[in-house]
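Undergrad: Residue numbers -21 to -1, 1 to 531, in mature numbering (1 follows the signal peptide of the UniProt record, and there is no 0), belong to the letters of the sequence shown in order.
What the hints contain is simulated information worked out from the structure, not anything from laboratory work. For each residue, glycine too, the CB sits at the ideal point set by N, CA and C. Hints are all accurate, no fakes.
Computed beta-carbon distance windows for the label pairs:
no. : residue 1 : residue 2 : range
1   : G181      : V19       : 27 to 33 angstroms
2   : D272      : S504      : 44 to 50 angstroms
3   : K64       : N373      : 35 to 41 angstroms
4   : K498      : L31       : 42 to 48 angstroms
5   : E273      : V62       : 18 to 24 angstroms
6   : R59       : V19       : 28 to 34 angstroms
7   : S464      : D155      : 30 to 36 angstroms
8   : S364      : T191      : 29 to 35 angstroms
9   : N461      : G499      : 20 to 26 angstroms
When the alpha-carbon atoms are kept at most 16 angstroms apart in a straight line, the in silico EDC-like pairs for lysine to aspartate or glutamate are as follows:
no. : residue 1 : residue 2
10  : K531      : E506
11  : K29       : D155
12  : K36       : D400
13  : K531      : D299
14  : K326      : D282
15  : K2        : D78
16  : K68       : E44
17  : K531      : E405
18  : K525      : E490
19  : K501      : E518
20  : K478      : E518
21  : K29       : D396
22  : K68       : E43
23  : K12       : D89
24  : K36       : D396
25  : K498      : E518
26  : K326      : E286
27  : K525      : E440
28  : K36       : E405
29  : K12       : E44
30  : K64       : D78
31  : K531      : D351
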Amino acid sequence: MVKKLLLTLGAFAVLSTASYAQKSKRMVFFNDKVGVEYSVDSPEEFLSQKSLERRQKHGILVTEEDLPVSQAYLDDLANRGYVVKHTTKWMNAALVLLDDNEAAAVEALDFVKEVEYIGPNNVGLSRKKEEQTKFDREDALQLGEPSANRTQADNDWQNEMMNVPYLHAAGVYGSDVMVAIFDAGFPGVDTTLPFKHLFDGGQIVATKDYLTFTDDVYRYDDHGTKVLSTIGAVGVNVSYQGIAPKADFVLCVTDHPYDEYRDDEYNYLFACEFADSLGVDVINSSLGYTTFDEPEMSYSYNDTDGETAVSTKAASMAADKGIFVITSAGNDGNAPWHYISVPADAKNVLSIGSVTSTGVKSGFSSFGPTADQRIKPDVSAMGSSTCLINEYGNIAYSSGTSFSGPLVAGLAALFVDRYSDLSSDELREFFRNGSSNAENPNNEIGWGIPNAETIDQLIQESGNVLSSNDNLVTEELLVYPNPTSSVINLPSQFATNEKLSYRVIALSGREVLSGNLLKGEKEISVENLREGVYILVLETASSTQKIKFLKK
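Given these sequences and hints, build the entire structure.
TA: Structure (structure tokens):
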């Protein structure tokens, strides 16, 4: 059971760690947010307008979880001489450098809930390619429109496998969609021609290196460069077509290249919060965790339950904020630990497996089920010999779910561009139902390979159903709970003397449940339905009403 720092087959070996300073990284969790100067009534003071618009569009409330941690608590720690490196509002904690004695003293403070050791304070990271210069804007070649004067690109096959040209032909390239990429470095992105249009168009909207807490991400390993290329690169000196080259990007370095500790997962959490605050629409991470350098930190198969791992919780929280979270499934398919890694076990994210150029599962691609017996991965894309752009701006090929994941993320960006009102839950279900194995999903390739045209047709058909001449249930008549795990309760308006029949329709258009309710009854069991988004159709002699609900 080997944890893959980056979900690329044979990415690089993990080097032995050097000696560290006595102080180590600890997460200090607070009991509450007493004294926080912000209010959920004024979210514009701590969330961007784009973030608020995304929440408003999908009916997501700003809660106390979104409030920053108490500045009074941070000041108290600083006044005691402790170095606070970062905070997490979602988990109400701070990353603080402490030795063992200091950790015990902090844990005894009345406003502290607990202190968790998450790794050594390793700061000896070397800069890569520091001598490279930025683009010469005057001399560099200029880019035309994506695909202009190009009949064939080296990476066409992997894009065509998902029928990406169907959306490109409609002029959809990811405009006004913000994609965050969490990885281990992006050298060459700021110096090579396939990425130049991203800078010329102001499409790199933010960067963050959580290893040094600076903004310089154009260093370390070029794994992130390759991942970004599948979505955003466009060939000038090479023949290449990224899936969503007009999207905006947030680039975050979250993983240390030379060691494996729990701090990487908290960096993932920090990046999720950063992405949410900026208004990111899609998150892609080619990162997975199972085994760490300190065995007590490692996860077991039983931990892949969608609720345990730090990164899983972070991914789920991001998805709850309306972000479409996509994560690679892992590369341990041929190893004793052959299951997916975390956070691919999260219940409300899209986990991506790998297939070959012929659509067959790649041997290395990790598979499910999760510990609670859910099918994983969700969908799959070409991760065997995926065509990429490396840090030198050249065509390269590499294998791993690291690269099948961003292919799907790129496709997701196109659909967010085309259908901005779709929620992340709805989009996840359309991807599942619009994939090649939707009728018989399994733990090898999940629901199969997404097909852009099929997904597009399902979305349009679903919209037609809901926008027909039948009455649409208004917000006051919402069923509850929604999401639900077992039953749907109808509001009292439906407890009438009229005979009431119901149908439940999957987003694929297939009817999956139907029945009648006796007079006065208002509970419908959906316990046996698969997780997903459904349309509930309620019919009486005088009306037909419809509403979407989510089955968890």
